[in-house]
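2 protein chains.
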Amino acid sequence: MASSILSDCSSCATSRLLPLRRALHPPPPRFRPSPGPAPSPRRPLLLAAAAPLPLLPRARRMAALSAAASSADPATVLADASAKIIDGKLVAKQIREEVGVEIARMKDATGVVPGLAVILVGSRKVSQTYVRNKKKACEAVGIKSYEVNLPEDASEYEVIKHIATFNDDPSVHGILVQLPLPRHMNDENILNAVSIEKDVDGFHPVNIGRLAMQGRDPFFVPCTPKGCMELLHRSGVEINGKRAVVIGRSNIVGTPAALLLQKANATVSIVHSKTKNPEEITRQADIIIAAVGVANLVRGSWIKPGAAIIDVGINPVDDPASPRGYRLVGDVCFDEASKVAGAITPVPGGVGPMTIAMLLSNTLDSAKRIHKFK
Amino acid sequence: MASSILSDCSSCATSRLLPLRRALHPPPPRFRPSPGPAPSPRRPLLLAAAAPLPLLPRARRMAALSAAASSADPATVLADASAKIIDGKLVAKQIREEVGVEIARMKDATGVVPGLAVILVGSRKVSQTYVRNKKKACEAVGIKSYEVNLPEDASEYEVIKHIATFNDDPSVHGILVQLPLPRHMNDENILNAVSIEKDVDGFHPVNIGRLAMQGRDPFFVPCTPKGCMELLHRSGVEINGKRAVVIGRSNIVGTPAALLLQKANATVSIVHSKTKNPEEITRQADIIIAAVGVANLVRGSWIKPGAAIIDVGINPVDDPASPRGYRLVGDVCFDEASKVAGAITPVPGGVGPMTIAMLLSNTLDSAKRIHKFK
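From first to last, the protein sequence lines are chains C and B.
In terms of the working numbering, the first sequence opens at residue 1 and continues consecutively.
In terms of the working numbering, the second sequence opens at residue 1 and continues consecutively.
Bear in mind the hints are in silico, worked out from the structure with no lab data behind them.
Among the hints, a few may not be true.
It does not matter which identical chain is meant; a pair holds if it fits inside one copy or across any two.
[Said to hold, decoys possible] In the BS3-like style, the derived pairs of lysine-lysine whose C-alpha atoms are separated by at most 27 Å in a straight line are:
{"id": "1", "residue 1": "K339", "residue 2": "K135"}
{"id": "2", "residue 1": "K107", "residue 2": "K372"}
{"id": "3", "residue 1": "K368", "residue 2": "K274"}
{"id": "4", "residue 1": "K263", "residue 2": "K135"}
{"id": "5", "residue 1": "K339", "residue 2": "K136"}
{"id": "6", "residue 1": "K125", "residue 2": "K368"}
{"id": "7", "residue 1": "K274", "residue 2": "K263"}
{"id": "8", "residue 1": "K93", "residue 2": "K276"}
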């Protein structure tokens with residue numbers, strides 16, 4: 001089914017779809033990547049921040065982010081590119097620490113402990129892993145987690161009944177329904193049942209509508225695009241007045257990312273499966289958020305020199321050299337892009353770790369809002 | 001305060017803001033139009049449709065739209081340009097007729113008469129005129145209109161109480177609160193009180209959210225951007241896969257227009273007051289929707305040859321030759337644009353007449369949906 005991969009950016013790389021990709025990305029786009037270059041064994045140096053950065057700063061922090069190299073971990077890459085590497089793993093760790101400090105401060109002042117309820121339907125291993133990771137992350141920062149596990153054949157009514165109970169529970173400040181749901185359920189009915197005040201995933205149409213509107217603010221911003229923005233902000237990437245291209249228009253990444261960039265006064269274009277000249281449009285962008293789920297789609301030739309690139313894609317490609325038989329690559333051809341871009345997130349270790357950090361941040365924000373704590 | 005105008009596109013034209021403009025457009029943008037050319041006395045020929053077009057067709061109809069010239073009316077312009085003129089007045093008339101036929105069919109089959117409630121607060125003359133026009137348009141197609149007039153000093157609570165009554169009234173299928181509201185009222189609180197099933201203006205965040213999301217549809221599409229799309233469709237302008245630029249990002253025109261174009265598979269860029277190179281970006285577009293409220297902002301040099309232009313702007317500029325002392329111009333310099341574009345709406349007589357037609361269409365759709373009539 002899948003061919004072996006010659007290089008990160010080989011056009012013959014066939015990605016195997018992990019469930020995460022299915023959850024993150026809508027039906028496969030019809031881009032045709034341009035022919036691949038010769039394989040390159042060299043990869044750029046992963047640069048990491050030297051010191052913790054405060055929560056939600058908007059100042060230029062690229063210098064700090066590039067001040068130190070990280071030690072060997074899955075995100076670590078080596079060698080000679082010009083792009084600064086945005087270390088999402090490090091930023092996510094800093095955010096988790098900041099959230100932990102705020103939770104302790106809130107608990108000391110009010111006695112309130114933020115609570116996150118997670119509803120898991122079925123026994124998909126990947127979903128179970130995500131839920132376990134979320135639970136662990138909650139515990140680490142002091143968020144109390146509540147979990148409901150329902151069998152694969154549970155009814156929509158049962159799921160909605162549990163949501164309703166959590167909606168009314170004052171110790172729960174955030175409710176998350178783990179996707180994907182079994183096929184016999186209607187995602188829309190279930191997600192709409194979550195109170196918008198506790199919709200920490202930010203998927204309710206009211207939250208998306210408020211995100212799109214001038215002069216309104218959503219209760220919650222969806223975690224992955226919020227993480228993308230946080231990486232840009234903490235990397236000192238100026239957004240106001242800049243050209244931005246978002247590749248992909250899914251409800252949970254591409255569309256809200258575009259709306260967030262526009263709220264931050266970028267001039268935004270959305271590139272999608274029907275776009276006739278994605279390369280030409282993308283090359284005009286100062287900021288690229290790629291969230292389309294196609295391995296190595298964005299080649300070096302698509303990138304304006306100096307652009308900042310946030311790569312949301314997590315695509316497994318066959319790799320006989322890996323013990324698992326595959327490895328993860330982004331939507332952006334890292335080898336090529338890192339030679340042209342000004343800053344880039346690696347895959348893994350870029351946007352990935354930010355999603356759970358933003359979930360914790362949204363849960364804290366919810367508890368603060370509900371209890372009017374500042 | 002205002003200088004006299006030398007030509008439609010003179011850079012020294014100072015627009016006087018009518019209340020409509022304030023209602024349609026958010027705070028003034030900071031574009032700096034490029035220097036104006038020498039005044040041109042020539043204007044293009046207004047071409048109108050030869051025969052009624054069916055409701056919501058998607059086929060190419062430019063040929064029909066350009067088959068006959070209209071007689072003398074405020075929209076009529078003369079002479080030699082290449083662009084086809086999209087006659088909004090004629091299309092709106094056709095839509096009103098089509099809506100009237102559908103309402104009669106529904107009444108015959110079910111006995112139900114669609115009802116539209118309009119709430120007017122204060123005694124602003126322009127608002128009174130709009131409400132009167134809407135009422136007349138309703139009567140003409142067979143929609144029963146309900147009107148509540150409240151004094152300028154009415155409380156927010158009073159307005160919301162009337163909205164609640166209409167929300168519960170089964171003979172009312174659409175509720176419209178005439179904007180702008182007095183300053184002591186919170187627009188958001190009031191507009192959010194309208195049931196989303198009766199929000200024929202389509203301004204509720206849920207409607208905007210559903211418009212932004214893939215796989216969801218709003219209950220209602222805001223009338224003016226819906227009118228823009230209808231003009232494009234009925235003029236045979238292909239949208240799928242085309243580059244589109246929306247100039248302006250207001251909640252009631254620019255933003256929903258961009259979302260609609262994207263839902264129709266255009267590749268959309270939104271140009272706004274913080275955009276650094278609006279001319280360059282606009283020139284890439286096959287479709288331009290200008291909704292920024294700056295007289296003659298879009299010059300001929302901004303336009304790709306053959307592009308389709310929908311001009312939402314209605315800007316009064318001083319004109320000593322006019323009995324009223326001013327005349328209305330769009331956001332697009334018509335004299336220049338009509339020599340470059342493939343199709344263009346005039347001002348007045350373009351988008352303007354479409355808004356009420358779409359309101360009637362939304363009210364009919366609402367009654368059909370509530371009574372499950374197809």
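Now for the hints, and whether the structure bears them out:
no.: 1; hint: K339 <-> K135; in the structure: neither (38 Å within a copy, 63 Å between copies)
no.: 2; hint: K107 <-> K372; in the structure: within (13 Å within a copy, 52 Å between copies)
no.: 3; hint: K368 <-> K274; in the structure: neither (42 Å within a copy, 33 Å between copies)
no.: 4; hint: K263 <-> K135; in the structure: neither (32 Å within a copy, 37 Å between copies)
no.: 5; hint: K339 <-> K136; in the structure: neither (37 Å within a copy, 64 Å between copies)
no.: 6; hint: K125 <-> K368; in the structure: neither (33 Å within a copy, 46 Å between copies)
no.: 7; hint: K274 <-> K263; in the structure: both (25 Å within a copy, 11 Å between copies)
no.: 8; hint: K93 <-> K276; in the structure: neither (39 Å within a copy, 36 Å between copies)
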